[in-house]
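Engineer: Build the complex from these two chains, which are given one at a time in their own frames, with help from the hints.
First to last, the sequence lines map onto chains A and B.
Numbered according to the working numbering, the first sequence spans residues 30 to 332.
Numbered according to the working numbering, the second sequence spans residues 100 to 354.
Some clues are possibly wrong.
With a Cα cut of at most 35 Å, we get these calculated DSBU-like pairs of lysine-lysine [stated by the list, open to error]: (1) B:Lys185 / A:Lys102; (2) A:Lys304 / B:Lys168; (3) B:Lys345 / A:Lys242; (4) B:Lys345 / A:Lys274; (5) A:Lys306 / B:Lys345; (6) A:Lys158 / B:Lys168; (7) B:Lys168 / A:Lys115; (8) A:Lys304 / B:Lys345; (9) B:Lys185 / A:Lys158; (10) B:Lys206 / A:Lys193; (11) A:Lys237 / B:Lys345.
If you are wondering where the hints come from, they were derived from the structure by calculation, not from laboratory data.
These numbers were taken from a predicted model, which means no experiment stands behind them.
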Amino acid sequence: MADILLFADTPSAYEELACAARALGGNPVALYAGPRSGAEQITGYGANVLYFGEIPAGAIPEDAAVAYAEAIKRAGAPLVLSRASKRDALMAGRIGIRCDMPVLNDVSAVSVDGDTVQVEHMVFGGAAKRTELVGGGAIVILAAGTFPPEEVTAVGDITDQPEKVEAGPVKLVGTEEKQEETVDLSSAQYVICVGRGIGSAENVEKAKQIAHKLGGEVACTRPIAEGEGWLARSRYLGVSGATVKPQVYIGIGVSGQVQHTVGMDDSAFVVSINKDKNAPLMKHCDVGIVMDADTALDVLGTL
Amino acid sequence: MNIVVCYKIVPDEQDALVQPDRTLSFDRAALKIGDYDLNAVEAGAVLAEQTGATLTCLTAGGDAVEDSKIKKAILARGPQANVAVKDASLTEAGSTKTAQVLAAAVKTLDDVELVLCGEGSADRYSQQVGVQLGELLQWPVINAVTAIQLDGSQARVERTVDNVVETLEVPLPAVISVAADMNVPRIPSMKDILGAGKKPSNIVDFAAIGYTDAPEAVEVVSTLAPEQRERACTILEGSDDETVAKFVAMIREQL
Chain A
30 MADILLFADT
40 PSAYEELACA
50 ARALGGNPVA
60 LYAGPRSGAE
70 QITGYGANVL
80 YFGEIPAGAI
90 PEDAAVAYAE
100 AIKRAGAPLV
110 LSRASKRDAL
120 MAGRIGIRCD
130 MPVLNDVSAV
140 SVDGDTVQVE
150 HMVFGGAAKR
160 TELVGGGAIV
170 ILAAGTFPPE
180 EVTAVGDITD
190 QPEKVEAGPV
200 KLVGTEEKQE
210 ETVDLSSAQY
220 VICVGRGIGS
230 AENVEKAKQI
240 AHKLGGEVAC
250 TRPIAEGEGW
260 LARSRYLGVS
270 GATVKPQVYI
280 GIGVSGQVQH
290 TVGMDDSAFV
300 VSINKDKNAP
310 LMKHCDVGIV
320 MDADTALDVL
330 GTL
Chain B
100 MNIVVCYKIV
110 PDEQDALVQP
120 DRTLSFDRAA
130 LKIGDYDLNA
140 VEAGAVLAEQ
150 TGATLTCLTA
160 GGDAVEDSKI
170 KKAILARGPQ
180 ANVAVKDASL
190 TEAGSTKTAQ
200 VLAAAVKTLD
210 DVELVLCGEG
220 SADRYSQQVG
230 VQLGELLQWP
240 VINAVTAIQL
250 DGSQARVERT
260 VDNVVETLEV
270 PLPAVISVAA
280 DMNVPRIPSM
290 KDILGAGKKP
300 SNIVDFAAIG
310 YTDAPEAVEV
320 VSTLAPEQRE
330 RACTILEGSD
340 DETVAKFVAM
350 IREQL
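For reference, chain B alone in the conformation it holds in the complex (with noise of 0.2 Å):
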């Protein structure tokens, strides 16, 4: 059995510079794996630990790809193996076009039973992929799970919406968005990070998954920072009594 672990590759936002047009600037970013992909990371070795699956880890993306710091960085989080999809336009791909693509590439592994998300990419966070991949692939498809049980030919999941926890039954294969409190992510060890750099990682382009590439049906038109709203920022240090009742004074105004 193999279970799948998908993630992206992206720019930190807290490295975004905002230029005087108020576009972001992210040439000076360092590159992350996506936060909430890192819960579906730890939930697919927990899982892989448990039945001795193997996991396999997956991504679509740009140059990115090759990055071999981040390489290690996910592959010191327990997946056995790295498969990349490599491709210019995926950096700035759609939810549509990433699922087509990552659902084309699971076509292309063996004995898939399980994909697993996480609950949104870190920067688009529009929490698609991992529902329309499993509508591509055909297989159930649930989100919003905090827990998960692999038992034979099914998992049997709790999901937690709003104020209520359903408890599922999944037959496999099956495609599941995990929620970001469902785990704490752990922290590689340096042994961990230095056996990954042994682990193989295997770069594939559209041909190889047999992927044929096609417009997209949502145009970007403009990607800014959002206006800040004019503030005093009076910045008051100390903590000696003129200070502090000056403090207090400024917050009883408001009240």
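Excised from the complex, chain A in its bound form (with noise of 0.2 Å):
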């Protein structure tokens, strides 16, 4: 069994790569830097870690890139997983470039045949799906929720490295946790979604208590949370943002770029609520009707 290399920025999400590497038919081994007992949870995981020591101060995560790809390139530049996070994505860019290893982000479906790597990722804002294929090793960054986790019985063991992380030439000198809310929609079973049409601040409030009324929550399109700030980030749905895949998807003046419709396209019903008939939501929807937000929160106020 070939060894997969995987690398993450927490240990928590090695969990999925290690299920990953063992459903491709690999043996999980995880590079990591960090304190120790972060190792040894990796190890839960049935991987076996290459650790790094820790993070010295000053420094930030994606410095250990620069250790990461000696291993690597010790390993003979084989087939390494991550995962769709910013830091995953700048550590692999880094490691792509030194270890001349291609890198294909937001990875939804892999498969390993020989030397050959296969993957599908979305393109054009999610208008299309890009299937790939790449000859000897390659830097596969896995979309969350690709691999499903397993159980797992074996335990792995660390082997210390050569390597230790240094700090970069990017000094961290702060760091403050952000006051707005993160929430993940991703179990969410009934998502009310609002786009630009909902109008206001209130009627997004409106929104909101209808779907906790439910017992579901509320989403948005990209520029209700960037644009207007109406609603936390962590509330878009689509190519940059969550993905939901509710029983009920109510969408109110959700027009249905395809940038947004990627991020609930497998929900269960799909409802579209908009004042005009021609808007694309209307032509992938279960049921859709031609109205305002005002009157469209006063009939769902009613449920």
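Structural biologist: Have a look at this one:
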């Protein structure tokens, strides 16, 4: 069984990666720098850990890329798995150049056939899915949920590595927790999603109350979170945002651009409420009604 | 001091037509500047105004780099000059090749202290070009940046990762990829657009930047529209009691 190397920015993220490595017929080997307790945690996912020690003060976690790249070269630049996050994207790019390996990001399906790796990922803002082939080594960044976690009985071991993490030129001078809420919408059974057509912050609040009454969550399109700031960024759906697969999705004033719909396409039942009969979501819904947001909120309030 | 901002010209995916075999046709698609690149251009324009630096925009692409409308659109947003590396192979080039070409082009420009990139390209969104460009230049590189202040020989930046805002000191020269929510890109005025037509634009080939083309590691097998889920698409019109009752009943059935 060939080794598949893994890296991520938090110990818990290695669980999914270790499962992915096994599902691909490989032996999971985790590259890890941080507290030793983190390395021990990763061994519990059935992965052997190549341990690079602590991350020194003033360094950023991504400074580990230099040490990881050395270990990847030593291993003969095989298949390397990571997961979709800002930190891992930075690490992957730096390692990719250092090891002369291509980086395939946001991969939603991967298969290995001998030396050849085949991946699928979205392109054109979700308008298409692209299939790509790489012969030889590659860094594959997996989208969340690509490989379901499974029960593990094996426990890996820890091997200390000769390289240590050294602080790079970028100096960390402070960190601050953001006050904005972070919410995980992926398990919500009912989602009320507001788009530009919602009209006002008051209406967003009403939509939120209705969602809560139904035992669900409120979500939004990107402009509502980033342009208007009416909801937290973790609530916007789409290609660069969250993905939901609820029993019922109700879009209010959501036009249905593909960048958004990739985040909700797997909903079991889609309701579209829009003033504009020709909005794209009206062609991708189970039921749609031509209606303004104010009326819609009154109607949904009766549910 | 010269600030360089990278951008990609892409077909507008909203104009893509799905063919019966699920491939996409961009024959009738308008060209646009990558949505996320506009944030980098805006960040560059603001920094250039603050510091008196010159701002140069840089792209790599095929024939699209000669589109006069796009050229005006980008130069109307603040850059003083445009540089475009043109080669037919660049339209479909992957992240690493694009980064290699941009790195070669940056090396031909004088006095570059900062290269800005967007969060990801509008077509591939692999979020890799900025990162790999920095590593190729062997300059400090950072992504997900939500605020930049230039302070002598360094940039003081805020970077937002999940729920944490980091403050970082990045020595210059450096490559910085900005997050899409960093700013709201300006809408150029008619005067800006007219003025843009007079700004210099330099189109160069691989030889001029000293880049030697090589085959890419990644082979594209297919690009297909996802299979659409079959949905009933029952569309109701009217807000009379009967229609509304029918609508509510249809939702209730699913709850």
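Engineer: Does each hint hold? Answer for all of them.
Structural biologist: How the hints compare with the structure:
no.	hint	in the structure
1	B:Lys185 / A:Lys102	holds (34 Å)
2	A:Lys304 / B:Lys168	holds (33 Å)
3	B:Lys345 / A:Lys242	holds (21 Å)
4	B:Lys345 / A:Lys274	holds (25 Å)
5	A:Lys306 / B:Lys345	holds (18 Å)
6	A:Lys158 / B:Lys168	holds (29 Å)
7	B:Lys168 / A:Lys115	holds (33 Å)
8	A:Lys304 / B:Lys345	holds (18 Å)
9	B:Lys185 / A:Lys158	holds (27 Å)
10	B:Lys206 / A:Lys193	holds (32 Å)
11	A:Lys237 / B:Lys345	holds (23 Å)
The structure meets every hint from the earlier list without exception.
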